[in-house]
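Asker: Line by line, the protein sequences are chains A and B. Quick note on numbering: our numbering labels position 35 of the first sequence as 35, and the sequence is numbered without any gaps. Quick note on numbering: our numbering labels position 510 of the second sequence as 510, and the sequence is numbered without any gaps.
One or more of the hints may lead you astray.
Said to hold, decoys possible - Sample of chain B residues lacking proximity to chain A, with all beta carbon distances greater than 10 Å (derived): (1) Ser-26; (2) Ala-88; (3) Glu-89; (4) Arg-285; (5) Gly-383; (6) Pro-471.
Claimed, not checked - Derived BS3-like pairs (lysine-lysine); straight-line CA-CA distance at most 30 Å: (7) A:Lys-44 with B:Lys-166; (8) B:Lys-470 with B:Lys-422; (9) B:Lys-166 with A:Lys-42.
To be verified - Some chain A residues near chain B, calculated using beta-carbon distances under 8 Å: (10) Val-36; (11) Ser-37; (12) Val-45; (13) Thr-51; (14) Pro-52; (15) Leu-110; (16) Lys-124; (17) Glu-130; (18) Lys-136; (19) Thr-166; (20) Lys-169; (21) Ser-185; (22) Thr-191; (23) Glu-193; (24) Val-195.
If you're looking for bench data, these hints aren't it; they were derived computationally from the structure. Heads up, the beta-carbon is just placed ideally off N, CA and C, and yes, glycines get one too.
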Amino acid sequence: MTYYLIGLVLFVVLLAGGALLHRLNLVRTYNRLLSVSGGVSKEKVEEALFTPQGSNFNAAAISAWMLLFVALAYFYFLTPRVFPDLNYFLVADLASGRLGLFIFGLMVMLVVGPVGAASIRLMKFYGFYEMSREMKAAIMLTVPVLMISISLSVYLGTLYPAGDATDLKAAALATLLLSQIILLSPVYIDTWEAVR
Amino acid sequence: MRLCIVGIGGCGGKMAEQFLRNQDVSILGRSLGEDLTFGEVKGIWLEAARMDAQKQRFFGPPDDGCYPGYYITHEIIKDSSDLSKLVAERYGYDLKSPGFFRSADYLKAIFEIFDIDEDLQKVAIREYDDKSPILSNIWRRIRPYTILSEKGGEDGGPGADEADTKLCDSILFTISLGGGTGTGFINPVTRYIRGERPRFPVFALGVLTEKGRDQHQIEESQRDLGAVISMYDLLTKRTGEGIDGLILVDNQRMIERLFKKNEKKDYGKIDRAIYGAMKPLVESRLYPGMECDCLAVRGGFIKGLYRPPILVPCYSSQKAARDPENRLVETALDGGRLFGCDPRDAEGAYVFTRGFLKPDKITDAVSAKLPKGSRVVTWSKLGDKRRNEVLILLRNPYGVAGAYKKEGTLEYRIHDIIEMAKVHLENHKSDVIQSSIDYTKSVLKTYFYGEDGLAKKLEEAKVRLKRGDKPFFQDELEIFREEGPFSGKVKAGVTGEDLQGVLQEEMVRKIVRDELKNIRSKEGS
C-alpha cells in the first residue's frame with residue numbers, strides 16, 4: 001500500500017512541480033525580456049515566445065498526455081488493491097464482462113476528455129520551450145512506454161486477486177513515472193539551466 | 001522576414017538542406033503533417049545533374065509530391081527538341097548538359113544567347129510557349145513559395161490560397177562560388193523576379209572554395225576562375241537589377257576553424273556551421289514591438305550603393321551571462337568572421353541577435369569597432385534562453401590602399417583568387433575558349449582575352465584593390481553581345497522569315513488537324 005501511495009505522491013508532486021516551474025519560467029523570461037526590450041505586455045511576450053513544434057509532435061504529445069492519465073487510472077483504479085472504496089471492481093458485473101476492460105478504458109477516456117481539451121493548450125506549453133528533435137522524439141516515445149504500463153496494469157487486473165507480482169507492479173509504476181518525467185522534461189531542464 | 005531558400009548546384013543544395021531540415025519528429029521515418037523548418041523558411045534545390053539528385057535522399061522529386069523537392073533545371077527541354085538542336089548547331093552548347101562542372105561561363109553564355117537571339121526565342125515560343133523556357137520553369141518552381149504567388153495563384157502552389165500568410169517575402173540563394181551550376185542561375189532568375197516586383201529582396205550566400213585541391217581534386221586556379229566569373233557577374237549588376245547583397249563565406253577559413261591540420265574534412269560540419277551562423281538572420285521570433293521588415297533589411301544593405309554589396313558574416317554564440325553584449329560582439333568581430341576582413345574598413349553593419357541582448361548595447365558595441373559615423377542597425381530576436389547569439393553582416397569591409405598585402409583582409413583573399421584566375425587564364429587558354437563552333441570560340445576569346453575582356457578587367461580590379469578603391473569589379477561583361485551575327489535581326493542560319501513560315505505552317509496544320517477531328521467525331525456519332 002505504501003508503495004502505491006509513494007508512487008501517487010510522486011506523480012502529483014512531479015505534475016504540480018512542473019506546472020509551478022513552468023509558471024516561474026514564464027515570469028522569469030518575461031522579466032528578462034522586459035530588462036532588454038522595454039515595456040511589453042505579458043500576452044505579447046507569450047505570443048512572441050511561441051515556437052511551433054510541428055503537427056506530428058503535437059499529435060504525439062496530446063496522445064501521450066491522454067495515455068498518461070489512462071495509465072494512472074489503470075494502475076490505481078482497476079483493482080481494489082489501492083483504493084478499496086473507489087475502483088472498477090465495485091461494478092463487478094461490468095468489470096467481469098467480456099468488454100469490461102474496454103469499457104473501463106472508454107470511461108477513463110471520457111473522464112480524461114477535459115484533459116484532452118486542455119491538452120490543446122499543451123501546444124502552447126511546449127511552444128514556450130526550444131526543443132531539440134531528440135527531446136521531441138523522447139516525448140513521442142512515451143506513447144509506447146505508456147502502452148507498456150497500461151498492458152502491465154491490465155495483466156495485473158486480470159490476475160487479481162491471484163498472485164502479487166511485485167516486479168510487474170514496479171515496472172508498471174516505473175514506466176508511468178518515467179513517461180511523466182519525460183513529458184515534463186522541457187520545464188525541468190529549462191529551470192535547471194536557469195539555476196545553473 | 002521569411003526567407004525562401006533556393007539551393008543551386010551540389011554545394012548549394014547541401015547548404016539548403018540544413019535550412020530546410022524538418023524540426024518536427026517523424027513517425028517511422030514519415031512525416032504526417034507539413035514540414036516545420038527553423039524560421040518557417042521554405043525552399044527548393046535546383047540541380048542540373050539528375051544522377052546527383054537521385055543519389056541523395058533529402059530532396060525528393062517534386063512531381064511525386066515530395067517536399068522539399070529538387071528540380072532538374074533543363075528538364076523542360078525535350079530530348080528531340082528543335083531548340084536544343086539549334087543551340088547546339090549555332091553555339092555548340094548542350095541545353096541538357098547534366099552539370100556545368102567548374103565552368104561558370106557556360107550558363108552565363110546560354111542565358112545570354114536566349115536574350116539576344118531572336119531565332120532561338122521564336123523556336124522556344126513555338127516549342128514551349130516561352131522565349132526562355134528553362135528560366136521561366138525555374139521561376140515557376142520557386143514562385144509558389146513566395147508572396148509573389150499571391151498575385152495570381154495560378155501555379156496551384158501555396159499561393160493559390162490568398163489567405164496563406166506563411167509565404168516567403170525574400171529569397172536567399174545558397175551557392176558555391178566554385179563555378180558550377182550555382183551562380184549561373186542567380187542573375188537570370190533575379191531578373192524574372194524583378195520583372196514582377198522590382199523591390200523584392202534577393203540575397204545570395206556564396207561559399208568560396210578552399211585553397212589547394214578540393215574534394216573533387218580540382219585545381220585551385222580553375223575554381224578561382226569560376227569564383228571570379230561568378231562574383232564579377234553578381235557584383236557588377238546595377239543595384240535593383242541584380243541581387244541585393246552577396247553574403248560571402250570562405251571555406252578556407254571554415255576549414256582552419258573547424259579542423260586540425262591533416263584532419264579529414266567533413267564538409268557537412270562546415271555546412272552545419274554556416275547554417276548555425278545564419279540562424280539569427282533566419283529566426284522569425286522578434287522581440288515584441290520590434291519589426292524586421294524584409295524591405296528594411298534590403299534597403300539597409302543597398303542604401304547609397306550603385307552595385308550590390310559584399311556582406312561578411314561575423315558570428316558568435318555564448319552561454320547566457322551578465323552583460324554579454326560587448327564580449328559577444330568582440331568575439332564575433334575577432335574570431336567569428338566567416339570571411340577574412342578588417343571590420344574597421346566596413347561601411348556599416350547589420351546585426352541580428354538571438355537571446356536576451358540589449359539592442360542599444362549591441363549597436364554601441366558594434367559601432368565602437370567600425371569607422372566613425374558608420375550605420376549600424378540591430379534586429380533583436382528571441383533565442384533558446386540558454387545561449388546568446390549575434391550575427392553581424394559587415395557591409396563592404398575593404399577599401400584600404402595596400403591592404404591587399406596583409407593576410408586576413410578581404411583585399412588579400414580577393415587579390416589572391418584574381419591572381420590565381422589569371423594564372424589559369426594564361427596557362428589554359430585553349431581549354432578556356434574550347435568550342436566546336438568557331439563563332440563561339442571567337443566570342444569566348446573576346447570575352448576572356450579581348451581588349452575589354454575578363455583578363456583585362458581582372459587586371460583593373462587588382463589595381464583598384466591595391467589602391468583601395470570601391471568596388472573592385474566595375475563594368476558588366478557579356479559573352480554574347482547585342483551586335484553579334486545572330487542577335488536582333490537574323491543574319492545567318494535559319495532566317496526570321498523562314499521561322500515565320502514554319503510558325504504559320506504549324507498553325508495551318510493544327511487547324512486542319514482539329515477540323516479533321518471534328519469531322520470524324522461527327523461521322524462517328
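Asker: Are the hints correct? Go through all of them and say.
Answerer: Cross-check of the supplied hints:
For Ser-26 (chain B), the non-interface assignment is contradicted: its Cβ lies about 6 Å from the closest Cβ of chain A, within the 10 Å cut-off. Non-interface call for Ala-88 (chain B) relative to chain A: holds, since the shortest CB-CB distance, roughly 48 Å, exceeds 10 Å. For Glu-89 (chain B), the requirement that its beta carbon stay farther than 10 Å from each beta carbon of chain A is met, with the minimum near 52 Å. With a closest Cβ-Cβ approach of about 6 Å to chain A, Arg-285 (chain B) is found to fall inside the 10 Å limit, against its non-interface label.
Not every beta carbon of chain A lies more than 10 Å from that of Gly-383 (chain B), the smallest distance being close to 8 Å; the non-interface claim is violated. With a closest Cβ-Cβ approach of about 37 Å to chain A, Pro-471 (chain B) is found to remain outside the 10 Å limit, as its non-interface label requires. Between Lys-44 (chain A) and Lys-166 (chain B) the alpha-carbon distance is near 20 Å, which keeps this suggested pair within the 30 Å criterion. This hinted pair checks out: Lys-470 (chain B) and Lys-422 (chain B) have alpha carbons roughly 21 Å apart, not beyond 30 Å.
A hinted pair counts as satisfied when its Cα atoms are at most 30 Å apart, and Lys-166 (chain B) with Lys-42 (chain A) qualifies at roughly 25 Å. Taking 8 Å as the C-beta contact cut-off toward chain B, the hint placing Val-36 (chain A) at the interface holds, the least distance being around 5 Å. For Ser-37 (chain A), the interface hint holds, the least distance from its beta-carbon to any beta-carbon of chain B being 4 Å, beneath 8 Å. A hinted interface residue such as Val-45 (chain A) counts as satisfied when its beta carbon comes closer than 8 Å to some beta carbon of chain B; here the least separation is about 6 Å, so the hint holds.
For Thr-51 (chain A), the interface hint holds, the least distance from its beta-carbon to any beta-carbon of chain B being 7 Å, beneath 8 Å. The beta carbon of Pro-52 (chain A) comes within 6 Å of a beta carbon in chain B, closer than 8 Å, and the hint placing it at the interface holds. For the restraint placing Leu-110 (chain A) at the interface with chain B, the shortest Cβ-Cβ distance is roughly 26 Å, beyond the 8 Å limit, so the hint is violated. Interface restraint check: Lys-124 (chain A) against chain B, minimum CB-CB distance 14 Å, threshold 8 Å, status violated.
With 8 Å as the threshold, the beta carbon of Glu-130 (chain A) comes within range of chain B, its nearest partner Cβ sitting at about 4 Å, so the hint holds. Hint status for Lys-136 (chain A) relative to chain B: holds, with the closest Cβ pair at about 4 Å, below 8 Å. The criterion of a C-beta within 8 Å of any C-beta in chain B is not met by Thr-166 (chain A), whose closest approach is roughly 35 Å, and the hint is violated. Below 8 Å, beta-carbon pairs count as interface contacts, and Lys-169 (chain A) has none with chain B, the closest being about 31 Å; its hint is therefore violated.
Given the 8 Å rule on beta carbons, the hint for Ser-185 (chain A) is violated: about 14 Å separates it from the nearest Cβ of chain B. A cut of 8 Å between beta carbons decides the hint on Thr-191 (chain A): the least distance to chain B is about 11 Å, and the hint is violated. Given the 8 Å rule on beta carbons, the hint for Glu-193 (chain A) holds: about 5 Å separates it from the nearest Cβ of chain B. Among the interface hints, the one on Val-195 (chain A) is violated; its C-beta lies about 12 Å from the nearest C-beta in chain B, farther than the 8 Å criterion.
Hints 1, 4, 5, 15, 16, 19, 20, 21, 22, 24, counting from the list given before, are not met by this structure.
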